[in-house]
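Enquirer: Under our numbering, think of the first position of the sequence shown as 13, with each following residue one higher.
Simulated from the structure, these hints should not be mistaken for lab results. Backbone N, C-alpha and C define an ideal beta-carbon position, used for all residues, glycine too. Incorrect hints may have been included.
Unchecked claim - Okay, derived cross-link-like pairs now, BS3-like style, lysine-lysine, Cα gap no bigger than 30 Å in a straight line:
hint: 1; residue 1: Lys220; residue 2: Lys21
hint: 2; residue 1: Lys31; residue 2: Lys48
hint: 3; residue 1: Lys151; residue 2: Lys186
hint: 4; residue 1: Lys211; residue 2: Lys282
hint: 5; residue 1: Lys200; residue 2: Lys28
hint: 6; residue 1: Lys153; residue 2: Lys48
hint: 7; residue 1: Lys211; residue 2: Lys16
hint: 8; residue 1: Lys16; residue 2: Lys280
hint: 9; residue 1: Lys282; residue 2: Lys180
hint: 10; residue 1: Lys268; residue 2: Lys201
hint: 11; residue 1: Lys180; residue 2: Lys48
hint: 12; residue 1: Lys151; residue 2: Lys282
hint: 13; residue 1: Lys180; residue 2: Lys100
hint: 14; residue 1: Lys211; residue 2: Lys153
hint: 15; residue 1: Lys180; residue 2: Lys16
hint: 16; residue 1: Lys21; residue 2: Lys151
hint: 17; residue 1: Lys220; residue 2: Lys186
What the hints assert, rightly or not - Here are the computed distance ranges between Cβ atoms for each label pair:
hint: 18; residue 1: Glu261; residue 2: Pro30; range: 50 to 56 Å
hint: 19; residue 1: Leu189; residue 2: Gln155; range: 42 to 48 Å
hint: 20; residue 1: Phe275; residue 2: Ile231; range: 14 to 20 Å
hint: 21; residue 1: Glu86; residue 2: Lys268; range: 34 to 40 Å
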Amino acid sequence: MRLKEMAIKMASIYQKNPKIEAVLLAGSVSRGWEDKYSDIELNIFWSEPPTDEDRMHPIQAISGSVIDFHAFEEEEWAESYLTPENVKLEISSFLTSTAETLINDVVNEFDMDYGKQCMVSSIYYGQSLYGDQVINKLKNKVQIYPDELAEKMIEENLVLWYRWNNRKALLDRKDWLMLYDLMGSVQKKLMGVLFGLNKLYIHHPSFKWMHKYSEIFNIKPENMDERFSAIFIGDVHNSVQELELLIHEVFLLVEKHNPHLEFLESYKEKMAFVRPVNDV
13 MRLKEMAIKM
23 ASIYQKNPKI
33 EAVLLAGSVS
43 RGWEDKYSDI
53 ELNIFWSEPP
63 TDEDRMHPIQ
73 AISGSVIDFH
83 AFEEEEWAES
93 YLTPENVKLE
103 ISSFLTSTAE
113 TLINDVVNEF
123 DMDYGKQCMV
133 SSIYYGQSLY
143 GDQVINKLKN
153 KVQIYPDELA
163 EKMIEENLVL
173 WYRWNNRKAL
183 LDRKDWLMLY
193 DLMGSVQKKL
203 MGVLFGLNKL
213 YIHHPSFKWM
223 HKYSEIFNIK
233 PENMDERFSA
243 IFIGDVHNSV
253 QELELLIHEV
263 FLLVEKHNPH
273 LEFLESYKEK
283 MAFVRPVNDV
């Protein structure tokens, strides 16, 4: 059975609970990105808090086996389980009113929190499996990505210099663990800038599905996927130089598409600084 077909089957079980207002297919399956390692991600929207029995019933109905079953935390109930066919399901449950609040935080209050953006992104891209009216109402709230959120994402993620200015020292010292950690964090920052530039909600806090970004970004460096992918392959000196070029190109894209941003000049000066070398 294909993953989407199995998701529809599970939604038909969930919707029998009168507390459930909607079921949304999220994650890679909703976007057509699934591969042999993919699981099924479902967002369940409740009118009132689910009991443990409410959450366990669909698992028991298919004779599934629980992997994780988390208590209520950060406005969410979460569990994962395996079907008899060995397909993994990841379930995220929210009160519908909580989902509306989280959407408001991101869309109207311009909250950059990646967890909140991920939930908003799942609604934006997700497919309704039950409760079309509820899902469409939520989708309507997230259709327009606010300019203010884009500018905050750009401003916060362009702050690269505090550790990046030490890159040459780390290279010379062969501090590989610290250097590669730095290179990874800089790439994540650049991704945050590009999501803001392209006015797209963050869909995974660690930027999963990286190879798909060149497809969904309209504003991006040339040969983006190949270049970002090669950072951790080959000679580390070449990788640092390539990352320097990518930073420069992303900054130019920001200047081109958002020339009104007042912080650009000061950021440019700070990024040009490199840790000095002592002669002593």
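Enquirer: Out of the numbered hints, which ones does the structure contradict?
Expert: The structure conflicts with hints 2, 3, 5, 6, 8, 11, 12, 13 and 15, although it agrees with all the remaining ones.
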